[in-house]
Structure formats: C-alpha cells, structure tokens
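Trainee: Taken in sequence, the protein lines are chains B and Z.
Here the first sequence is numbered in our numbering, starting from 328 and rising by one per residue.
Here the second sequence is numbered in our numbering, starting from 328 and rising by one per residue.
Be aware that one or more of the hints could be misleading.
No distinction is drawn between identical chains; accordingly, a pair holds when it is met within one copy or between any pair of copies.
Here are the simulated lysine-lysine pairs, DSS-like style, with alpha carbons at most 30 Å apart [said to hold, decoys possible]:
(1) Lys-394 <-> Lys-338
(2) Lys-340 <-> Lys-394
(3) Lys-336 <-> Lys-400
(4) Lys-399 <-> Lys-336
(5) Lys-386 <-> Lys-417
(6) Lys-341 <-> Lys-394
(7) Lys-340 <-> Lys-400
(8) Lys-400 <-> Lys-417
(9) Lys-386 <-> Lys-341
Simulated from the structure, these hints should not be mistaken for laboratory data.
2 protein chains.
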Amino acid sequence: MDISVVNFKEKFKKIHDQHSYKIIAQMNNYHFKLVKAQREFIWHSHPETDEVFMVMDGKLQIDLREKVLRLKKGEMVVIPKGVEHKPSCKEECEILLIEPAGTLNTGDAGGDLTVTELEWI
Amino acid sequence: MDISVVNFKEKFKKIHDQHSYKIIAQMNNYHFKLVKAQREFIWHSHPETDEVFMVMDGKLQIDLREKVLRLKKGEMVVIPKGVEHKPSCKEECEILLIEPAGTLNTGDAGGDLTVTELEWI
Numbered sequence: 328m329d330i331s332v333v334n335f336k337e338k339f340k341k342i343h344d345q346h347s348y349k350i351i352a353q354m355n356n357y358h359f360k361l362v363k364a365q366r367e368f369i370w371h372s373h374p375e376t377d378e379v380f381m382v383m384d385g386k387l388q389i390d391l392r393e394k395v396l397r398l399k400k401g402e403m404v405v406i407p408k409g410v411e412h413k414p415s416c417k418e419e420c421e422i423l424l425i426e427p428a429g430t431l432n433t434g435d436a437g438g439d440l441t442v443t444e445l446e447w448i
Numbered sequence: 328m329d330i331s332v333v334n335f336k337e338k339f340k341k342i343h344d345q346h347s348y349k350i351i352a353q354m355n356n357y358h359f360k361l362v363k364a365q366r367e368f369i370w371h372s373h374p375e376t377d378e379v380f381m382v383m384d385g386k387l388q389i390d391l392r393e394k395v396l397r398l399k400k401g402e403m404v405v406i407p408k409g410v411e412h413k414p415s416c417k418e419e420c421e422i423l424l425i426e427p428a429g430t431l432n433t434g435d436a437g438g439d440l441t442v443t444e445l446e447w448i
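Can you build the whole structure from these sequences, using the hints too?
Mentor: In structure tokens, the structure reads:
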C-alpha cells in the first residue's frame, strides 16, 4: 500500500494547462483534485453532493444567486448540494477541490466544458 | 442557508488550547477539524475510514509500522482505513483533519485521550 506525502506546490508544478483537473489523493470515495483556473465558469449545481473549494494560491470568486463569495489563499468554502454557483478567476488561481469521485465539474449543467476523464498526478 | 468563507488563520486564532479539536466545516457527512498539537500521540487506527491530515503550519510526523512520514506546511497525507499510525509534533503544529463526523481521535485504541464532544468555531 502506497502511503505518501502530497506536497501541493510540487503537484501544481506538474500542471501545465489551465482547466485541467488532476487527482492527487483519494479519501474513501472522495477525490482531492487540483486545478489552475483563469476563466468565468458556468452556473451549475451538484444535486447529489456538497463540494469544497480551497484556494491554494490567488483569488477565487464564487457567485451564488443571493450573494458573491470572494476567497483568497488560505480560505475554503463548502457549496452545499443543489446550490447554484458560478466560480470565476480573473487571474490564474490554484484550487483544491474535494468531492466524491465522479462528480462532474459542470454538475447538472453539462455542456462543452464538461470533463469526464481525470488523470492522477 | 449559511454559506460562508472559512479563513484558516482566523479560525486558528480562535483556538487557545492545544489538543482541542474544533469543527470548522461540514461536507456531506465529513467534518473539517482544526487542532493545534504538540505531543506524541498514541498508536491507533480507524477501522471504518480513511483520514486526511493537512499541515497548515509547522511540522507533523506520522509513524507507520513500516515507515515514518514527515509533513510540513503545504503537505497532506491520506491514512487508509485500518492502518496503524502515531502522529506527533515536537513543536506546536496546526493541522486540518478531514474525516467522517463522529470519527474518534483515538480510533480503535480508545483511552484517556479520546475526545467525544467537538465544538464548532
């Protein structure tokens, strides 16, 4: 059984493309995924699960229907299941996502931005 | 529904005692817990669940039966369910734990160090 320490900075160095989600760890049926993002994403929700966003570098804005969340490095938020949200980063930000394996980035919205195959790094 | 940003540094400022686990977030049935630790803990395992340790400040050593893991700020590890481990911090370290709600700190070992009631901060 491979039990090894994950260093976030080293993992982010291995990510060369924006918006390419990489799995770095699994806890039970949950994946820990890293992404470098610089875009305004689409409105969507995850009807089956809560989702954690943790900002590892930069700034992340998450629009909700009723308010706007602004996160910076060293901050996290739990988006409850079923709650519509729209993440966006004006400048490149580094995000850790925690959610059940198989959770789609576009949730119930689908569309061209949906990523179904994720690589481990 | 309260959806609010969690700032780790601000939460740690609210923790005045070592070895007092505080819940800061819940994702589905998982708790995100902070602790300031400075001790050699006991050998134990969690037969029902994997457990995540993320080092937010300082250094954390986790002894396994077959090797020793050394983590510093910006690093995490998943201890698989059933794997015996013994965390220790010589100097005070700040740890984020992620595991199912109700997971006991002492796992299958029990004993005087077991904490059963956790406060939200």
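Trainee: All hints, please: hold or fail.
Mentor: Now the hints, each set against the structure:
no.: 1; hint: Lys-394 <-> Lys-338; in the structure: between (32 Å within a copy, 22 Å between copies)
no.: 2; hint: Lys-340 <-> Lys-394; in the structure: between (33 Å within a copy, 26 Å between copies)
no.: 3; hint: Lys-336 <-> Lys-400; in the structure: both (13 Å within a copy, 11 Å between copies)
no.: 4; hint: Lys-399 <-> Lys-336; in the structure: both (16 Å within a copy, 12 Å between copies)
no.: 5; hint: Lys-386 <-> Lys-417; in the structure: within (8 Å within a copy, 33 Å between copies)
no.: 6; hint: Lys-341 <-> Lys-394; in the structure: between (34 Å within a copy, 26 Å between copies)
no.: 7; hint: Lys-340 <-> Lys-400; in the structure: both (17 Å within a copy, 17 Å between copies)
no.: 8; hint: Lys-400 <-> Lys-417; in the structure: both (14 Å within a copy, 27 Å between copies)
no.: 9; hint: Lys-386 <-> Lys-341; in the structure: both (20 Å within a copy, 24 Å between copies)
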